[in-house]
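S.K.: Sequence:
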Amino acid sequence: MHPQVLAFAAIAVPLVLTPGIATTLVLRSSLVAGRTRGFETAGGAAAASACYGVASGLGTSVLLRVWPRAVMALQICGGLYVAWLGARAVFHAFRREYGASAAPVRTGFREGFVANALNPPVALLYFLILPRFVPPGWPVLPGALVLTTVHVTLAFAWHATCAIAAGALSHALATPAARRTIDLVAGIVLVASAVKMLAG
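Residue numbers (the working numbering): 6 to 205.
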């Protein structure tokens, strides 16, 4: 493997393992609705990262230099969306009928995709950091796709591990009180993340 690719992987690992919005959503989905829902959420986050990778390879990162406020716009949209997810989770903690059937898995995929697509750190990773690690002499698009594959694989593996671990606890935490607590804690974490995102 090319040294540049290995260097990018070394940077990607701690970024992947750092708790963030996608990890919070995967854990909540898995604890409340089982590991399959967690996998769907992880898949949505991975798909968003893959889209960023393609966009980076096509030169979309130039947008940040032409229109610096693009990051600010993304930050605001992302903060509002995550705040909505958090507020909804808190609302569910007090209002949700836990005996009802689980939401369709596509909901998990959509949440993971939109949350990651509107997450400024993910955009900055792909538009500012990733291009610097494309090996010299490699075509930009194939190089970006190789690096994207590295990051997406690492992130999905971590999120899948979280989904499996949390999913194993979902049956033990199937009581309404436990699931309300999960929703409440996840909601507070998401709202706090949104406030930090909007204030940053």
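Be aware that one or more of the hints could be misleading.
As the list claims (entries may be wrong) - In silico SDA-like links for lysine to any residue, alpha-carbon gap of 25 Å or less:
| id | residue 1 | residue 2 |
| --- | --- | --- |
| 1 | Lys201 | Pro126 |
| 2 | Lys201 | Leu11 |
| 3 | Lys201 | Val18 |
| 4 | Lys201 | Pro8 |
| 5 | Lys201 | Val95 |
| 6 | Lys201 | Val190 |
| 7 | Lys201 | Gln9 |
| 8 | Lys201 | Leu85 |
| 9 | Lys201 | Gln80 |
| 10 | Lys201 | Gly39 |
| 11 | Lys201 | Val151 |
| 12 | Lys201 | Thr23 |
Please keep in mind that the hints were generated in silico from the structure rather than gathered at the bench.
S.K.: Each of the hints needs a verdict: does it hold here or not?
M.R.: Do the hints match the structure? See the list:
1. Lys201 / Pro126: Holds, at roughly 12 Å.
2. Lys201 / Leu11: Status violated; Cα separation ~31 Å.
3. Lys201 / Val18: holds (23 Å)
4. Lys201 / Pro8: Since the Cα atoms of Lys201 and Pro8 sit roughly 35 Å apart, the hinted pair is violated (cutoff 25 Å).
5. Lys201 / Val95: holds (18 Å)
6. Lys201 / Val190: Since the Cα atoms of Lys201 and Val190 sit roughly 17 Å apart, the hinted pair holds (cutoff 25 Å).
7. Lys201 / Gln9: violated (32 Å)
8. Lys201 / Leu85: holds (11 Å)
9. Lys201 / Gln80: Holds - the C-alpha atoms of Gln80 and Lys201 are around 10 Å apart, at most 25 Å.
10. Lys201 / Gly39: violated (29 Å)
11. Lys201 / Val151: Roughly 32 Å separates the two Cα atoms, so the pair is violated.
12. Lys201 / Thr23: holds (16 Å)
Violated hints, listed in ascending order, are 2, 4, 7, 10 and 11; each of the other numbered hints is respected by the structure.
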